[in-house]
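Chains as they are written, first to last, in the numbering used here: chain A, 1 to 109; chain B, 1001 to 1111.
Honestly, the hints are just simulated from the structure, not real lab data.
Incorrect hints may have been included.
Here are the computed distance ranges between Cβ atoms for each label pair [to be verified]: (1) Q1014(B) <-> N21(A): 37 to 45 Å; (2) E56(A) <-> D1063(B): 25 to 33 Å; (3) P93(A) <-> R1069(B): 31 to 39 Å; (4) G40(A) <-> N1028(B): 26 to 34 Å; (5) D52(A) <-> K1083(B): 39 to 47 Å.
Just so you know, even glycine gets a beta-carbon here, dropped at the ideal spot from N, CA and C.
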Amino acid sequence: GQNIDQPTEMTATEGAIVQINCTYQTSGFNGLFWYQQHAGEAPTFLSYNVLDGLEEKGRFSSFLSRSKGYSYLLLKELQMKDSASYLCAVRPPAGKLIFGQGTTLQVKP
Amino acid sequence: EPEVTQTPSHQVTQMGQEVILRCVPISNHLYFYWYRQILGQKVEFLVSFYNNEISEKSEIFDDQFSVERPDGSNFTLKIRSTKLEDSAMYFCASGVNQPQHFGDGTRLSIL
């Protein structure tokens, strides 16, 4: 079966660092994606991991461990505009994306 | 940066009516997708399309749904006889080896 788990909600303080975890069990694996989604808007691509390790992209980093079926998204120097849902999605070999429920992050002053 | 564009942004339709949602994928992309997101729920895969045919579809994509690439640029999703539970945001996306890029979506409201 296919299963992607991430926390439903998280709260963090402006300027801080937050880590959003994602665990997955899927039939086949061809990459893990993180998307940001503001309320009422489309998902926006943030990062992509296909090999184990850390990918850094400005204030955002994403980590993958394929053997553990685990990824995290790290957001540094949090800003108020980072308040959004963060979607973990796995791509099986066929190409579609399978999304988790999303983690709603609230950044407080 | 190239974008996926979708029209209309909002569609209100009576239950039982047909609706067509339109998408213009990024021009050099070969794989196209439709996803939907019911309010408060996760993004769900509907169908993927490659080389002018469906390459994969989900359980949601029953015989009320169809997709077409009527010309070289547009990619459409048709729902033949809409139901209340079809109310959702519908997102078009394109790309496969590169990250999938999503359009802004069409909010479909069934009355």
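Structure-based check of all given hints:
Distance hint for Q1014(B) and N21(A): a CB-CB separation of about 44 Å, consistent with the stated range 37 to 45 Å. Our hint of 25 to 33 Å for E56(A) and D1063(B) is violated, since their Cβ atoms are close to 46 Å apart. Here the CB-CB span from P93(A) to R1069(B) is close to 23 Å, at odds with the stated 31 to 39 Å. The hint said 26 to 34 Å for the Cβ distance between G40(A) and N1028(B), and at roughly 29 Å that hint holds.
Between D52(A) and K1083(B) the CB atoms are about 44 Å apart, so this pair conforms to the stated range of 39 to 47 Å.
Of the numbered hints given earlier, the model fails hints 2 and 3; all others are met.
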